[in-house]
Amino acid sequence: MVEKTTMNECTTCGGDLHVPEDAMVGEILTCPDCGVEFEIVSLVGGQVKLAAAENIKEDWGE
Amino acid sequence: MTGLVKMVTVSILYDVLRWEEKELLKKASEMSIPVVSVDIRKFSPALGDKRPENLGDISIQRSVGFYRGLFSTAVLEHMNHRVVNTYRSLEITGNKMMTSLHLYQNGIRTPFTAFAFEEDAALRLFMERFNGEAVLKPITGSWGRMIALLKDKFAAQAVLHDRSLMHPIQSVYYFQEFVRKPGRDIRIIVAGEEIIAGMYRYQTGDEWRTNAAIGGRVEKLPKDSEIEELAIKSVSFLDAGIYGVDIMETDGGPVVNEINGTMEFRGTTAASGTDVASEMLKFVVKQEKC
Ligand SMILES: Nc1ncnc2c1ncn2[C@@H]1O[C@H](COP(=O)(O)OP(=O)(O)OP(=O)(O)O)[C@@H](O)[C@H]1O
Ligand SMILES: [Zn+2]
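Top to bottom, those sequences are chains A and B.
The first sequence lines up with residues 2 to 63 when you count with our numbering.
The second sequence lines up with residues 4 to 293 when you count with our numbering.
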């Protein structure tokens with residue numbers, strides 16, 4: 002089954018950001034064209050709001 | 004579930020929702036365990052505040068930011084809220100020096116490791132106790148970042164000097180013998196006193212590290228009681244919790260390299276075929292019931 006997605010435009014390069022149907026708030030999307038990362042900050046009735054994701058910091062990990 | 008069984012509500016404390024956190028949420032609802040996800044970045048408690056209502060009975064700390072996870076756990080514990088893993092366990096496992104000290108003290112085999120607290124002393128230690136070959140690691144940090152295999156005095160001198168110019172924690176020098184492992188190491192996931200899953204992590208190409216973040220291949224670990232006993236013993240000085248134990252094979256037997264207190268488990272789930280998320284949830288629910 003093909004995953005349904007909604008489309009959003011990357012604010013950095015204009016590339017297509019696919020938001021999978023099972024996406025959740027807090028999830029990170031990476032722009033396939035430029036690699037910039039976005040966080041899903043809200044999902045209301047198919048409307049997706051994205052914001053620049055926090056940058057990886059030195060203390061990130063397991 | 005019957006009405007007699009107490010329903011335990013579990014919260015997942017996150018900052019970045021990775022595959023792991025989504026998996027925990029998904030499996031919890033499949034298992035009919037009431038679950039909520041809590042963005043710990045929005046938590047801003049004051050002394051005397053009551054424990055937030057939305058945290059449920061027990062939380063799984065999943066912050067990718069180490070200090071964020073460590074100190075939010077500390078606050079929650081002071082509010083009498085139970086978090087897996089505990090502040091004490093996160094503090095030890097998040098610090099390679101503290102982990103090594105505890106492993107050694109508890110008689111658990113670990114590679115030869117030594118410390119220095121100043122650049123020149125570090126270089127002398129490297130030359131005299133390690134004969135000019137050692138792995139230098141930041142005492143905090145993960146994903147194999149800034150881990151340096153040093154085999155030359157002048158290269159070491161340069162690296163140690165660079166470290167001395169960074170954040171002061173990089174001037175706590177942690178050296179370890181370079182273990183000639185058989186092209187792989189072992190990751191075991193332990194919950195309480197039980198083995199959940201295990202895998203081999205292979206290094207690729209001429210890389211000497213096996214981190215998934217670097218791109219190493221993984222494979223299911225066959226049942227091995229020596230390794231399993233070692234993994235269980237390795238977490239015995241920590242509070243009952245969920246840990247990723249890293250083990251290296253040597254000619255003299257397996258040695259414990261480190262213990263991860265908020266381990267990732269996508270690779271282990273795929274390699275082992277074990278539903279790690281469900282096992283974690285079972286453990287956490289059991290913790291709250293006892
Ligand atoms: N003393 C050593 N000798 C040989 N290889 C080592 C040694 N220490 C670590 N390694 C290898 O380097 C990699 C990173 O090591 P380590 O696990 O200590 O770092 P890390 O950044 O904490 O990684 P993570 O927390 O993601 O597991 C591992 O693949 C490990 O096998
Ligand atoms: Zn882009």
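Everything labelled a hint here was simulated from the structure, so no lab data went into it.
Since we're looking at a predicted model, the values are computed, not measured.
Think of the CB as a built atom: it goes at the ideal place given N, C-alpha and C, for glycine as much as any other residue.
It is possible that some hints are incorrect.
[Unchecked claim] The following label-pair restraints were derived from C-beta to C-beta distances: (1) V42(A) - P171(B): 32 to 38 Å; (2) K9(B) - M25(A): 26 to 32 Å; (3) E56(B) - K58(A): 54 to 60 Å; (4) G51(B) - S43(A): 27 to 33 Å; (5) K289(B) - M8(A): 40 to 46 Å; (6) K58(A) - N109(B): 27 to 33 Å; (7) P37(B) - Q48(A): 43 to 49 Å; (8) F74(B) - G47(A): 34 to 40 Å; (9) Q48(A) - K226(B): 20 to 26 Å.
> Which numbered hints does this structure break?
Replying inline: Of the numbered hints given earlier, those the structure breaks are 3, 7 and 9, listed in rising order.
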